[in-house]
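Chains as they are written, first to last, in this note's numbering: chain A, 1 to 272; chain B, 1 to 272.
Don't take every hint at face value.
Identical copies go unnamed one by one, so any copy, or any two together, can satisfy a pair.
EDC-like mimics (lysine to aspartate or glutamate), calculated; alpha carbons at most 16 Å apart, straight line [unchecked claim]:
#, residue 1, residue 2
1, Lys-20, Glu-82
2, Lys-203, Glu-227
3, Lys-108, Asp-201
4, Lys-138, Glu-127
5, Lys-105, Glu-21
Because the hints were derived from the structure by calculation, they are not lab data.
There are 2 protein chains.
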Amino acid sequence: MTSQAIGYMDSGVGGLTVVKEALRQLPYESVCFIGDQARLPYGPRPAEQVREFSEQLGQFLTAKNIKMFVIACNTATSAALEYLQKTLPIPVIGVISPGSRAAIKATKNHRIGVIATEGTIKSNAYEKAILSKDLQNKVFSLACPKFVPIVESNEYKTKIAKQIVDESMAYFKGTDIDTLILGCTHYPLLKPFIQEAVGPDVKLIDSGAETVSSVSLLLDYFNLANESSHKELPDRYFSTGSADRFKLIAGNWLEMDDLNVTHVPVESLSLK
Amino acid sequence: MTSQAIGYMDSGVGGLTVVKEALRQLPYESVCFIGDQARLPYGPRPAEQVREFSEQLGQFLTAKNIKMFVIACNTATSAALEYLQKTLPIPVIGVISPGSRAAIKATKNHRIGVIATEGTIKSNAYEKAILSKDLQNKVFSLACPKFVPIVESNEYKTKIAKQIVDESMAYFKGTDIDTLILGCTHYPLLKPFIQEAVGPDVKLIDSGAETVSSVSLLLDYFNLANESSHKELPDRYFSTGSADRFKLIAGNWLEMDDLNVTHVPVESLSLK
């Protein structure tokens with residue numbers, strides 16, 4: 001049973017920043033990923049709709065016999081985590097709590113920045129999570145709606161990307177933050193530009209990578225880790241968008257040229 | 001219900017390195033700690049006996065109405081974690097898995113050192129935990145039986161302590177480790193000497209501090225976090241040894257001079 005794959009969902013390729021860290025920290029755990037490119041971006045959508053899409057993707061992967069479901073998308077975590085924890089028959093974890101906990105652990109001056117999509121910022125999920133643990137913290141939140149499109153269009157290493165990042169990060173001047181949460185799983189692809197813009201003294205928290213630590217803990221806690229020293233199942237990737245396009249960006253990011261990618265038509269996703 | 005304290009046990013004051021991090025990361029969570037100074041050190045004792053002592057301490061704190069039990073002692077974790085997870089009615093977590101996971105996350109060259117008590121090293125618990133996740137890792141383990149006594153005798157800042165640390169750490173010369181797990185919750189008090197001995201390029205993993213991240217995750221996961229923004233209950237400390245002596249070392253380490261410490265006679269600890 002424990003050789004089953006771990007399921008990951010995202011609106012697009014951002015969730016692969018979580019998968020990349022999982023491949024590194026948990027090399028014997030099989031990956032079953034779905035990206036909802038056909039309906040991307042999730043950021044500007046109403047929470048109700050994001051919850052419905054997330055549930056569809058959760059049910060799709062559950063039907064593939066996963067043992068744990070990771071909402072590798074901040075917007076979907078803020079909209080659907082509690083609901084999916086109640087409705088799916090397996091452990092479900094999101095990316096917001098791990099990112100918040102890591103920031104609380106890292107900050108020395110209690111001044112924490114958060115960058116995320118409009119949906120995540122509007123939900124106030126990071127600020128709530130951080131302040132619930134310690135009201136001493138001060139949280140500076142910024143929506144960066146241009147970041148996801150620039151990553152999904154594979155332009156995240158371009159001059160335009162740098163310019164967009166610089167313009168957005170100007171918001172943090174004078175805030176004296178010592179910690180900045182990348183509160184969207186797409187953002188680590190822009191990490192070099194972000195670090196350059198905020199300076200080397202600000203610790204960047206990759207909420208996705210932190211989530212893998214939580215996945216690893218829950219595998220141990222619930223005795224769900226794969227006990228053999230190799231994957232029992234091949235990694236599989238699904239996309240509601242173009243499989244070729246997914247293969248290109250994902251292969252590039254994961255440094256793999258033989259990804260097993262299957263297109264899933266949105267129309268085939270329905271709720272049970 | 002969620003305002004209940006979190007329980008922590010150790011053979012002595014070492015577990016306070018976990019508590020110190022908990023006070024920092026989880027300031028609204030009350031602490032209920034017991035140190036078993038009367039029967040310290042645990043390191044050289046048979047696993048069976050350590051398990052029995054740990055169960056006594058677990059039952060003692062459970063009777064104080066704690067909501068979670070943290071085995072803040074590596075020797076006791078290796079001897080009793082699985083058993084107490086089955087027998088206590090609340091979530092139980094140990095320090096070995098969090099330390100192992102943090103080391104796997106940190107290492108770049110897959111060469112990881114572990115220092116711990118004889119009992120922990122003999123149990124092979126760290127090596128097993130690390131290799132089960134990735135056989136690429138190479139683990140170099142060393143028992144340091146002199147470290148706990150030097151901490152418990154409050155001599156951990158002395159020249160003798162430095163000498164003992166230097167002699168032990170010589171073992172790692174030529175191993176090329178880039179990560180070293182402090183696999184005993186007493187060892188962080190010797191951290192400055194240890195870091196000096198192994199050099200600045202070796203990342204020290206404080207298994208106790210890492211455990212607090214796991215405590216925080218499970219509080220979130222099981223909806224057990226205190227929801228108010230202050231402690232509902234005062235922190236309490238118990239010791240089977242001298243309360244005054246405990247107050248001295250613990251107060252010094254936690255930088256608090258008003259610790260609420262109560263002596264608990266070993267004879268009063270019995271198993272239900």
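Do the hints match the structure? See the list:
1. Lys-20 <-> Glu-82: Result: close neither inside a copy nor across copies, 25 Å intra and 31 Å inter.
2. Lys-203 <-> Glu-227: Close neither inside one copy (35 Å) nor across copies (28 Å); limit 16 Å.
3. Lys-108 <-> Asp-201: within (12 Å within a copy, 22 Å between copies)
4. Lys-138 <-> Glu-127: within (9 Å within a copy, 40 Å between copies)
5. Lys-105 <-> Glu-21: between (20 Å within a copy, 9 Å between copies)
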